[in-house]
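A.B. asks: Sequence:
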Amino acid sequence: MKTSVWELMTGKKKNPTQAEEIKEASKNENDIDKDLDQSTLSFKYIQPVDEKLKLLDKFIPDQEWLKKFSMWFSYMRIYISVLSKTTEETNIDKLIQRIENGEPPQISEISGCDDICDLFAYFSKYEIDYTKNDLIWIFTACIYETRLAPDDSVKSMQIILEKIIQQVNALNSKEDVLYSDLMILYCIITTFFHQH
Numbered sequence: 562m563k564t565s566v567w568e569l570m571t572g573k574k575k576n577p578t579q580a581e582e583i584k585e586a587s588k589n590e591n592d593i594d595k596d597l598d599q600s601t602l603s604f605k606y607i608q609p610v611d612e613k614l615k616l617l618d619k620f621i622p623d624q625e626w627l628k629k630f631s632m633w634f635s636y637m638r639i640y641i642s643v644l645s646k647t648t649e650e651t652n653i654d655k656l657i658q659r660i661e662n663g664e665p666p667q668i669s670e671i672s673g674c675d676d677i678c679d680l681f682a683y684f685s686k687y688e689i690d691y692t693k694n695d696l697i698w699i700f701t702a703c704i705y706e707t708r709l710a711p712d713d714s715v716k717s718m719q720i721i722l723e724k725i726i727q728q729v730n731a732l733n734s735k736e737d738v739l740y741s742d743l744m745i746l747y748c749i750i751t752t753f754f755h756q757h
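Residue numbers (my numbering): 562 to 757.
Just so you know, these hints were derived from the structure itself, not from any lab.
Heads up, some of the hints might be wrong.
Each pair of labels, with its calculated beta carbon distance range [to be verified]:
no., residue 1, residue 2, range
1, SER642, LYS619, 34 to 42 Å
2, TRP626, ASN652, 35 to 43 Å
3, SER631, ASP690, 21 to 29 Å
4, ASN652, LEU732, 29 to 37 Å
5, GLU650, GLN624, 35 to 43 Å
6, PRO711, ASP654, 19 to 27 Å
7, ASP675, ILE621, 30 to 38 Å
8, GLU625, GLU736, 16 to 24 Å
9, ILE657, LYS628, 28 to 36 Å
10, ILE621, LYS686, 21 to 29 Å
11, GLU688, GLN624, 29 to 37 Å
12, GLU688, LEU732, 17 to 25 Å
13, ILE657, MET632, 30 to 38 Å
14, PHE700, GLU736, 15 to 23 Å
The C-beta atom is built at its ideal place from N, Cα and C for all residues, glycine as well.
Work the whole structure out from these sequences, hints included.
C.D. replies: Below is the structure:
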């Protein structure tokens, strides 16, 4: 019998009602998109605070990849958020302590965090380069942030995006071990999240 990715990540088996919840959540999100008059929407995607800060040409990702990854992320968010619902609240100080100890995130902890903004604010104040573990924490926080993120989260994500661009531009090449991890967050922040 095969073990699913969800079982490997959580150690739990999916139940049939969760599969139905995922289908319903996905259907509801698609219905919302269909109901909106796309010609009247004017979203601004998150960009760095310093508008002159750009990726060097050698690091610019393929636009088709950006589009496909953003779509994958939007569907994956629904799946994870439905399957990892928790009623337990998580204290932001506990999460920060785990980050500082170099521990990886637990999905159930982040799903129980009331204010994801605080997690983004913490990472926006970093004065050192992001490590792989830091990037995993930011990625996991992105799963639970609302797509029309509140202003505090947007401001923090703008600063995080600047730091990511600076860190990518300092790499020698796309073969660097952190390039793909940095670009995943670059893609999520620049193409998935937008604001009014």
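A.B. asks: Hints first: check each against the structure and report whether it holds.
C.D. replies: Checked hints:
Hint check: SER642 to LYS619, Cβ distance near 36 Å, so the stated range 34 to 42 Å holds. Hint check: TRP626 to ASN652, Cβ distance near 37 Å, so the stated range 35 to 43 Å holds. Between SER631 and ASP690 the Cβ separation comes to about 25 Å, which falls inside the hinted range of 21 to 29 Å. Hint check: ASN652 to LEU732, Cβ distance near 35 Å, so the stated range 29 to 37 Å holds.
For the pair GLU650 and GLN624, the beta carbons lie near 40 Å from each other, so the given range of 35 to 43 Å is met. For PRO711 paired with ASP654, a C-beta distance near 21 Å keeps the hint of 19 to 27 Å intact. The hint said 30 to 38 Å for the Cβ distance between ASP675 and ILE621, and at roughly 37 Å that hint holds. Take GLU625 and GLU736: their Cβ atoms lie about 21 Å apart, and the range 16 to 24 Å holds.
At about 34 Å, the CB distance of ILE657 to LYS628 agrees with the hint of 28 to 36 Å. ILE621 and LYS686 have their C-beta atoms about 28 Å apart, which keeps the hinted 21 to 29 Å range intact. About 32 Å separates the C-beta atoms of GLU688 and GLN624, a value consistent with the hinted range of 29 to 37 Å. As the Cβ distance of GLU688 to LEU732 is approximately 19 Å, the hint placing it in 17 to 25 Å holds.
Taking 30 to 38 Å as the suggested C-beta distance range, the pair ILE657 and MET632 conforms, at roughly 32 Å. Between PHE700 and GLU736 the CB atoms are about 21 Å apart, so this pair conforms to the stated range of 15 to 23 Å.
Checked against the numbered hints listed earlier, the structure breaks none of them; every hint is satisfied.
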